[in-house]
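Student: Here the sequence shown is numbered in our numbering, starting from 1 and rising by one per residue.
Rather than coming from a laboratory, the hints here were simulated on the basis of the structure. Errors might be hidden in some of the hints.
[To be verified] Simulated crosslink set (EDC-like; lysine to aspartate or glutamate; CA at most 16 angstroms straight-line):
id	residue 1	residue 2
1	LYS262	ASP288
2	LYS224	GLU275
3	LYS77	ASP615
4	LYS675	GLU433
5	LYS673	ASP695
6	LYS378	GLU433
7	LYS258	ASP228
Here the structure is a predicted model, which means the values were calculated and not measured.
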Amino acid sequence: MNYGKENAAKRSAQLAGRGKRKHHSAGLAIIRISLICIVSVFIAGGIFAYLYAKNLISQLPEDVSKINISPTGYLSKVYDSDGHEIETLAATGSNRTYVKLENIPENLQNAFIAIEDSRFREHNGVDIQGIIRAAYTGVTNGFDFSQGASTITQQLLKNNYFTTWTSEHTFADSLNRKIQEQYLAIQVEKVVSKDTILENYLNSINLGQNTLGVESASQRYFGKSVSDLSLSECAVIAGITQNPSKYNPIYHPEDNAKRRKKVLNNMLEQGYITEAEYNEAIADDVYDRIQVANTDYGTSSSTSYFVDALTDQIIEDLQNKLGYSETEAYSLLYSGGLSIYSTQDTRIQGIVDEEVNNTENYNDIEKISFSYRLTITKADGSTANYSDITMLSYYQASDKSYTLEFDSKEEAEAAIEAYKADIMEPGDEVLAESKDFTLQPQAAMTVMDQSTGQVVALIGGRGDKLAAKTLNRATGITRQPGSTFKVVACYAAALDAGGMTLASVENDMPTTYADGTKLSNYNKEYLGWTNIRTAITYSINVVTVEVMQDIGTSLGYQYAQNLGITTLTDTDNNASLALGGITKGVTNLDLTTAYATIANGGEYNSPIFYTTVVDHQGNIILDNRENQSKRVLKETTAWLLTSAMEDVMTTGTGKAANFDGMAVAGKSGTTTKNKDTVFAGYTPYYTAVIWGGFDDNTPQSYTTYSKIIWKAVMSRIHENLEYKDFTKPSGIVTKQVCKKSGKLAIPGVCDCDPRGSQVYTEYFEEGTEPTETCDHHYVGNVCTATHMFANSECPAYTGVFILGAAPGTADAAYGLDATTFGQYCPIHGGYPLPNSGAIGGGGAIAPASPAGEGTVEVVPATPPAAPAPPVAPAAPVVPAPSQ
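Could you put the whole structure together from the sequences, leaning on the hints where they help?
Tutor: Structure below.
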């Protein structure tokens, strides 16, 4: 062998080459095996998918021509709390008006095609390009596959054939249906014309406001047949489809306008309209013509405000609890054959309906108002739109006192005709006109079983409610709650977490906010030192705001939210919140829930309108039978608030609402210029809140009707119920306290106030009762000239006086000058007469500083001309009822 360097190198290279070839071969083998495995997986997956799809397809009808794609469905029924049927919801076209394709404008047909399925005329039922586009968009948007690719044919089958899709709860269920849906779409298009598919689709689609199909939507939004729609109006309706709530042209015109523009853009790009037609439609102020929310076109089967609220809650729960889209939830509700077991007590609902609609309860203040829409074609071919709003502005320009409230419908009709005569010019023609008359003042009332949160009765307006789902004033509007909010936003927080008691006092006196706005009581009278119980009983504004300042507005804001007020905004976190000055106002339902929470011992229950919802197959799909409560107030706090509100009913502002035979607690409220009147109250059985007012916020001359109706309803509800008192929880103790200080009363002093005894028994949560004695009463000898401690030679009188008495209050005539308190008269000689000094307080008392504003000067009181010995107790001085 040759072991030279050259040969050794060659041998080494040969060996290395063999190793490389072996490694290369092994790598190729791995790649081949991997490719074979991948291909095998794909083949196996394809075979599995084919067999899986074939099995699903085999479940479909062989004869596709027998498939019914027309709008169909099962009746959904509503039952009351006793199981009696009270309403049948729309089904089999009862909330739609079927219209043939030939009567549907081409612009409307093309508008739907342009926005929903641009290749409708070309594809075979499944749009492969659309699927690829949607998949690409989903990947590029972070795997957000919200953009759908269902064709119009698929949507039609989904809504009118695959009726059980609303019961799908898993991905597998949806996938199975989707496969069948796509296959069937292809097969259907082989035997059914595009026009037939489109006609059925346009008569099936959910277009909001309880409308199914384009004819119902046209009547609902424009008050005319679909055949008369303009291009602009067609785009409005087509724009609703994707999200019927978000793009509702009544409640969300701005969002609908954006969608309408996209519809028109797509129509232009796809060649359905010309540039000139596009510009004309874009320039059209179409939303001025759209009917107001409470206009009735008979597009829903609901004849009850309660059922309106019930269906709203079910739609919401189907979306939030079961994950349905709005369209899916709507389809299930109105054509799914549901059995809905509501919480309505038909007997109580009947009482509420009768009393709210009883004209004798309103003291002859009733008026007639109207909503009005008028479209005029001018002589030059242009159009002009008018309404009740433009009518009001027109006449108020010369007469600020002009209103749209009339004594009769005939007078209202005459006013409308006069307005038309004033604004129409020669050559003008009426293109469209609608009028809707409404009884005023309007009212709303909710009655709730506070122990469960079940709404047993609800009414959202006075007057006849026809078939349409109309404006529900109990759930669909917000108004100011007035002084009913004092308990919710101020006193609940003060007693629960603010370190205060019903005996805590504030100085009720003329006050100014930081911005210079004057704060006054309803009757412009002031009591001086006043406790919280009295402030609740007589609805004293100044004390309420002072309490709110002491505890902090954020605490009151938090408690209002915890009690169920859902409409608060960040701007409401201020002192005005205590008096019910809220940016958006509150709904009647929210306010009822808040008071029901107090009535339920501080435990919050969500308001519910149904116990169970059962599908067509008998399965419970929604269950409210165990409404989970949440504690938001201590039980002792709730009872103390109730105790104070019992005084409201017996001696305070709620006397007109009180009735015998049951423990009752409540709180009244009115707003500026009496635009709103509210009464909220409860018994151990039920909580009820009523609101009344003019829809356009016209000031009212009479507001007691809210109390009259509340009393009439609640007294009738409780006629045959066993008497109950509010259950006092453990941890409540009593103490004899002074009304002027909130501290322990001093015999011979607090009961010898010149106005009568100021001693009373108050309830406290154990551990919060006072331990110090009164520091607002002083007994001693006072010089009549200097109002200072008297010497033996002073013209003096002996009596009980108030320390820290504010000018302009009921305390002022009995007060001492805090700045010189403790000093003896420097004018008269002799020896100092004995004085008791500051009882229990040790020094002068500075008045409270309301609304965070500086200090208040206390001026010397004007004493009686002769010595004023203690007098016999008399009835306490109270203000006139305030709101």
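Student: For each hint, tell me whether it holds in the structure or not.
Tutor: Hints versus structure:
1. LYS262 to ASP288: 20 angstroms, violated
2. LYS224 to GLU275: With a Cα-Cα distance of about 27 angstroms, the restraint between LYS224 and GLU275 is violated, given a limit of 16 angstroms.
3. LYS77 to ASP615: Between LYS77 and ASP615 the Cα gap is close to 11 angstroms, so the pair holds against 16 angstroms.
4. LYS675 to GLU433: Given pair LYS675, GLU433 is violated - Cα atoms ~30 angstroms apart, limit 16 angstroms.
5. LYS673 to ASP695: 14 angstroms, holds
6. LYS378 to GLU433: Holds, at roughly 15 angstroms.
7. LYS258 to ASP228: Distance of about 23 angstroms is beyond 16 angstroms: violated.
Hint violations for this structure: numbers 1, 2, 4 and 7, all remaining hints satisfied.
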